[in-house]
Structures are given as structure tokens and as C-alpha cells.
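Residues per chain, in single letters:
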Amino acid sequence: MSAKDIAIKDQRNPLKVARGLGSSQSGVSHWWTQRVTAAALVLLGVWFVVFVLCMLHADYAAAHAAVAKPWNALLLIAFVLTMFWHAVLGLQVVVEDYVHTRWKEVVLLVAIKFLAVLGALASVLAVLRIALTP
Amino acid sequence: MADTQRPTSPHLQIYRWQVQMVSSILHRATGIALAVGSVVVICGLLQLAAGEDSFNRFKSIIGSPVGMLLLIGWSWALFYHLCNGIRHLIQDAGAGYAIPQFVRSSWLSVAGSIVLTVLVWTYVLMAGGAA
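Line by line, the protein sequences give chains A and B.
According to my numbering, the first sequence is numbered sequentially starting from 328.
According to my numbering, the second sequence is numbered sequentially starting from 73.
Hints in this document: simulated from the structure, not taken from any laboratory.
Using N, Cα and C, we set each Cβ at its ideal position, and we do this for glycine too.
Heads up, some of the hints might be wrong.
[As the list claims (entries may be wrong)] From the structure, some residues in chain B lie toward chain A, with a derived Cβ separation under 7 Å: (1) Asp75; (2) Leu117; (3) Leu120.
Please construct the entire structure, taking both the sequences and the accompanying hints into account.
Put into C-alpha cells, the structure is as follows:
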């Protein structure tokens, strides 16, 4: 960095340099999203439990038909997506709290996101295949 | 080895166990358990999409004694995380922070989750077992 760059940088108000760093702007979105997905999962989770209990004795054809019903397929996809989203946010906090070696923390955080996206995509594709096959 | 060399705070064995502590630890533990349990949901949907043979194999695995035992565990984890999650949402809204209320709601989460688990499995057994 040349002397000129430093001189230009020094012209800036210190507040301008500090602003936007840290979690003061985006940190609340994690907290808030975790709560919104939680509220959604209260409803979707109860629905999912009832849905599964209704399918206790369902054979393949009955289970297939139940999942293929438009409302059930829609709610299943909503449940699965919200669940993985909520899980990523929750596991992220656990990893950040307990894993104190930076590289392990980053690897775990990225791995959790990869696995969650794979899980969510697999579930959605499965529901769509069931719903769209006659 | 941890990157930071901060002084450590007294750990769990220092404290006398109390229900507020248990409810908080259980919320995390059940959250992690449920994230692992999502694999069962993915498998179930994939096997149902794959066809009749795959679905029947999936059903026989989750209907086996080990499968049922795991399902009982996961259903309790779900109900605990649900009850305590609702408790946390209420607390996030600013209510229930007085210590007696906090202790009572902790017990309520624990008791509610057990009651719901027993109710669901009583229904399952009365309906003639799962799968």
C-alpha cells in the first residue's frame, strides 16, 4: 500500500471505517429468521405428526396417494424446507459456541450447510416425483 | 486445541443441577438429535418415491424393535423441542422471566413433552403398532 493510499484512507471518519463491521446489522436477521421458522414449524410440525399418525397402516399405494394429494405435498415441502433452514440456523449456533478451533468451525459450518441443502433438495425432489407420477 | 486462550468459566460440574439448566441443555440436545433424525424423513420420502419394494423395506426397518425405539426417542425429542420452543417464543416476546414462572415453565416443557409422547405412542399401540 502506497503512502498515498494510506493518506486517502486516513481522510475517512473512523466511524465510516467501523460501520458495517460485526453483527450490528446482519446479526439480528439470524435471530429473527430462527424465530420465524420456529413459529412456522410449530404449525407445520404438528401437522406433520398428525399426517404421519394418519398413515400408520398405510400400504405403498395409500401412502403414495396421501403424499400426492396437492395440499399434503405442498405442506410436506414447506415442512421440509423450513425444518432444514431452522436446523442450519440452530446447528450453526451450537458449532459457534462449542468449536473453538477456527478451521474446524468453518469446515463444520460449511459441511452442515452442504448437507442441509442436499437433504432439502432430495426431499423436495422425492415429494415432487410422488406428486407428479400418476 | 482451541485458538483462543481465554480464561475458562466454571463448567457444568460446578453447578447444582436445576430444571432451568436442564431445559436449556435439552433444547440444544434435542435440536441436534432432530437434525440427525431428519435423515429418516428424507429416507422415507426417497423410498416412497423409489417404488413399492423400497418403501416396504423402509417400513420394515422403522417397524423393527430398534427402529421403534429410535422413533420413540425422536418423537420425544420432537415434542420436547416443540414445547420448549413455544416456551422460548413466549419468553422472546418478553413474558415469563420472573424466576418462579421460569422454573414452572421449564417443568411444563418437560412434563408436556412426556405427556405428548405417551399419548402418541398409546394411540399407536392401540391402533395395532406402527408399520
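Hint check:
no.	hint	result
1	Asp75	5 Å, holds
2	Leu117	4 Å, holds
3	Leu120	6 Å, holds
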